[in-house]
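Visitor: In case you want the letters, here they are:
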Amino acid sequence: MIDKFVPSVAEALAGVKDGATILVGGFGAVGQPDLLIEGLIAQGASALTVVANNAGYGQVGLARLLAAGRVRRLVCSYPRIPGSVIFEELYKSGRLELELVPQGTLAERLRAAGAGIPAFFTPTGAGTRLVDGKETRRLGARDCVLEHALHGDVALIQAWTADRWGNLTYRGSGRNFNPVMAPAAALTIAQVEHTAQLGELDPEVIVTPGIYVDRIVHHPAEAAHA
Amino acid sequence: MIDKFVPSVAEALAGVKDGATILVGGFGAVGQPDLLIEGLIAQGASALTVVANNAGYGQVGLARLLAAGRVRRLVCSYPRIPGSVIFEELYKSGRLELELVPQGTLAERLRAAGAGIPAFFTPTGAGTRLVDGKETRRLGARDCVLEHALHGDVALIQAWTADRWGNLTYRGSGRNFNPVMAPAAALTIAQVEHTAQLGELDPEVIVTPGIYVDRIVHHPAEAAHA
Amino acid sequence: MRDDILSAEAGPCRPRSREEMARRAAADIADGWYVNLGIGIPTLIANHVPADREVIFQSENGLLGFGPAPDEGMIDPYLINAGKQHVTLLKGAALLHQADSFAMIRGRHLDLCVLGAFQVAANGDIANWATSSNDAAPAVGGAMDLALGARRVWVMMEHTTREGEPRLVESCAYPLTALGVVSRIYTNLAVLDVTPQGFRLVELVAGLTAAELQAVTAAPILV
Amino acid sequence: MRDDILSAEAGPCRPRSREEMARRAAADIADGWYVNLGIGIPTLIANHVPADREVIFQSENGLLGFGPAPDEGMIDPYLINAGKQHVTLLKGAALLHQADSFAMIRGRHLDLCVLGAFQVAANGDIANWATSSNDAAPAVGGAMDLALGARRVWVMMEHTTREGEPRLVESCAYPLTALGVVSRIYTNLAVLDVTPQGFRLVELVAGLTAAELQAVTAAPILV
Numbered sequence: 001m002i003d004k005f006v007p008s009v010a011e012a013l014a015g016v017k018d019g020a021t022i023l024v025g026g027f028g029a030v031g032q033p034d035l036l037i038e039g040l041i042a043q044g045a046s047a048l049t050v051v052a053n054n055a056g057y058g059q060v061g062l063a064r065l066l067a068a069g070r071v072r073r074l075v076c077s078y079p080r081i082p083g084s085v086i087f088e089e090l091y092k093s094g095r096l097e098l099e100l101v102p103q104g105t106l107a108e109r110l111r112a113a114g115a116g117i118p119a120f121f122t123p124t125g126a127g128t129r130l131v132d133g134k135e136t137r138r139l140g141a142r143d144c145v146l147e148h149a150l151h152g153d154v155a156l157i158q159a160w161t162a163d164r165w166g167n168l169t170y171r172g173s174g175r176n177f178n179p180v181m182a183p184a185a186a187l188t189i190a191q192v193e194h195t196a197q198l199g200e201l202d203p204e205v206i207v208t209p210g211i212y213v214d215r216i217v218h219h220p221a222e223a224a225h226a
Numbered sequence: 001m002i003d004k005f006v007p008s009v010a011e012a013l014a015g016v017k018d019g020a021t022i023l024v025g026g027f028g029a030v031g032q033p034d035l036l037i038e039g040l041i042a043q044g045a046s047a048l049t050v051v052a053n054n055a056g057y058g059q060v061g062l063a064r065l066l067a068a069g070r071v072r073r074l075v076c077s078y079p080r081i082p083g084s085v086i087f088e089e090l091y092k093s094g095r096l097e098l099e100l101v102p103q104g105t106l107a108e109r110l111r112a113a114g115a116g117i118p119a120f121f122t123p124t125g126a127g128t129r130l131v132d133g134k135e136t137r138r139l140g141a142r143d144c145v146l147e148h149a150l151h152g153d154v155a156l157i158q159a160w161t162a163d164r165w166g167n168l169t170y171r172g173s174g175r176n177f178n179p180v181m182a183p184a185a186a187l188t189i190a191q192v193e194h195t196a197q198l199g200e201l202d203p204e205v206i207v208t209p210g211i212y213v214d215r216i217v218h219h220p221a222e223a224a225h226a
Numbered sequence: 001m002r003d004d005i006l007s008a009e010a011g012p013c014r015p016r017s018r019e020e021m022a023r024r025a026a027a028d029i030a031d032g033w034y035v036n037l038g039i040g041i042p043t044l045i046a047n048h049v050p051a052d053r054e055v056i057f058q059s060e061n062g063l064l065g066f067g068p069a070p071d072e073g074m075i076d077p078y079l080i081n082a083g084k085q086h087v088t089l090l091k092g093a094a095l096l097h098q099a100d101s102f103a104m105i106r107g108r109h110l111d112l113c114v115l116g117a118f119q120v121a122a123n124g125d126i127a128n129w130a131t132s133s134n135d136a137a138p139a140v141g142g143a144m145d146l147a148l149g150a151r152r153v154w155v156m157m158e159h160t161t162r163e164g165e166p167r168l169v170e171s172c173a174y175p176l177t178a179l180g181v182v183s184r185i186y187t188n189l190a191v192l193d194v195t196p197q198g199f200r201l202v203e204l205v206a207g208l209t210a211a212e213l214q215a216v217t218a219a220p221i222l223v
Numbered sequence: 001m002r003d004d005i006l007s008a009e010a011g012p013c014r015p016r017s018r019e020e021m022a023r024r025a026a027a028d029i030a031d032g033w034y035v036n037l038g039i040g041i042p043t044l045i046a047n048h049v050p051a052d053r054e055v056i057f058q059s060e061n062g063l064l065g066f067g068p069a070p071d072e073g074m075i076d077p078y079l080i081n082a083g084k085q086h087v088t089l090l091k092g093a094a095l096l097h098q099a100d101s102f103a104m105i106r107g108r109h110l111d112l113c114v115l116g117a118f119q120v121a122a123n124g125d126i127a128n129w130a131t132s133s134n135d136a137a138p139a140v141g142g143a144m145d146l147a148l149g150a151r152r153v154w155v156m157m158e159h160t161t162r163e164g165e166p167r168l169v170e171s172c173a174y175p176l177t178a179l180g181v182v183s184r185i186y187t188n189l190a191v192l193d194v195t196p197q198g199f200r201l202v203e204l205v206a207g208l209t210a211a212e213l214q215a216v217t218a219a220p221i222l223v
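Protein chains in written order, with the working numbering: chain B, 1 to 226; chain L, 1 to 226; chain G, 1 to 223; chain A, 1 to 223.
FYI, nobody ran anything at the bench for these hints, they're computed from the structure. Please read these numbers as outputs of a predicted model, since none were measured by experiment. For every residue, glycine included, the Cβ atom is placed at its ideal position computed from N, Cα and C. The hints are all genuine.
Pairs of lysine-lysine residues, derived as DSBU-like cross-links and limited to a Cα-Cα distance of at most 30 Å, are as follows:
#1 K84/G with K92/B
#2 K4/B with K91/A
#3 K4/L with K17/L
Negatives, chain L to chain A, calculated, CB over 12 Å:
#4 A14
#5 H151
#6 H219
Please build the complete structure, drawing on both the sequences and the hints.
Guide: Quick look at the structure:
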């Protein structure tokens, strides 16, 4: 029988290796897998590459993972937000390598990884310094840049409801990178607010089919705020 | 005020030009915009390029459009199905040009058109005669083929429910190519079984946002079977 | 020189406030358009759409058809826009993940994107994501996708920097966001089109002459 | 030559029926696998999955987790599989459009795809979509995506053509579907693996010797 729920955060994060590439869902404070990031800090893996839209703020979540010195390299579209002091300090002092990627290209590179598309041309960024050194080609009326799929070893995502097959729904703007990252990693771990019995989720409304999810931790908001 | 419903099939098809590329949704008999195909036959445009998974069967729908001599070129993954006599006859007598495309590549080329991706590499078809003459490149461990976005002038699609903004839901396996073609054409026309008031469709369950839909014809199944 | 431009009232120059700039830009948005408003000043435009027009706003983090900020106590913590502000959903709204949202943006489906900018060049180049080529801690977000993807790109910005340096220039000195994409600019002093011949004046604020505008603009303005 | 293969019972050769081939293949499918069954004989496998295993079947037209054919009178005309047969949805099923469905296939998320074939070569090449290079009215469907995309590709087919020509060959004469992808073959006469050294015998049907199998196979079989 398929049952992807695991009883603890520690079991969810088991086996993450030093040097791994970790995809982390979320946009702003919405849809961030905070519990799993804490679990990753406790798990201890280091020399990580982290792929995320933002780089965290204050002293929690991604910022705390950065502060703990676990991240060697960040692939990110918008690391500098109000409160991203830890990122800024690490970056300016040269202790963190940064690959800055336009948000749409970041999303499309992740989507390509999950979809078995090794590379694609996009007009985004052509002629700007963000694509220095990349292959460029005129396609139609526009210069385009060749971008490559961005695979993760592990994806940490957050969702609203899960069943034991790993089917996921989201809430509001909580989708953001989560459904895009789930298919892009070899091991996808989800933290969810709610659980459903198999068959309770309408097949028409499942956003992430269970095939893309390996482990689930049930983490209701009440517990999060405790 | 936005209201994409049109009162007649004739108004829905108005303006389709000779030589246009028409994307036609559906897989097998499910999700086919039969009413709109009939409307296209009546509208009269000819020398069309039709992009569809199948080529119709019997004497209805796409088969009737083919039989009427309106189609110059077919881009298709699986034209030869039981009953596809009209296609086979036209193809064998050289009166119909065929571009055979693997189903996943067809879907991805349409998706690319809607997503502003002019070209992508895919492993599908590499080393087979279907990709003769196409650019090939070794990416990772695999030979890959460069495929280009497939744009339509017009998309004819079928959906389950629509509101006046053009938001669409589908039913069962009726999604197939419909949500992929809607963003890939300059003009997208939908026939739908049901209508909903604005706000009745849950934002979480809309599959095709209205931005991709230009005209809608309400066509309940009862009428279809009359 | 056109009459309607010459006819600007005499009197002291009255630069537009941000709200006035937003109202002026909003007046040019047609019924039924799908619009993305960049972070910063452009977001003010949403408050000024004429009541008889239905305009659908997209936010690149995955909202199509979002509405105004919620009343106190009605906040859904799961509903934020790209600027991380709490918003509501209008009837007819749809939700998207990032790959679908940027497919919508890059795929030329938005009728309009209004962006803030540091500089706009006479050829339509825009620089709006980094202020120097050695930016200590850069961030780009969706700016490049929006600038390239929307059918029309308008810029809304102050006509000069705080130090009085022109923001409308022959060639951008700051790192580019996208090349040749801007078609219209709304500043506190004027509305200008970007044409194949360069900047062209559409409208001056009251009390300003075309010559005065040219004096704070670093590229020729066709009048 | 291994003992377990030599120990095939004596007696007349009893080729497997299609249902028996399907049962034999189903026995090798593990609990929790995501599986696509190609049109034709492979679809029979779904009826033979051992009751203690939960196997999730994908259909490339956009179903994940479909179930058996509906009872008469319970048909939903909107639910068909890739073979255009009416199916049901299991609890836990999810629906997909074609781009998402083939992203799942091409993205190497399926544990297994079982395909029919005209020929399989000793290097794992498969030919299953056209019988000659001048096919009068060709059709390919999802065959190429499935053959390349699944983590494992098994083939289920008769060991020879109706005319007795071998289907397991040194090199495919028919147009290729994909190169070097097949790892296991279930025929009416045997189960074979495709290894770097070529075909390797896993199992013979009762009453058949390895020499007899080799006689109807156009490439060496390692035993």
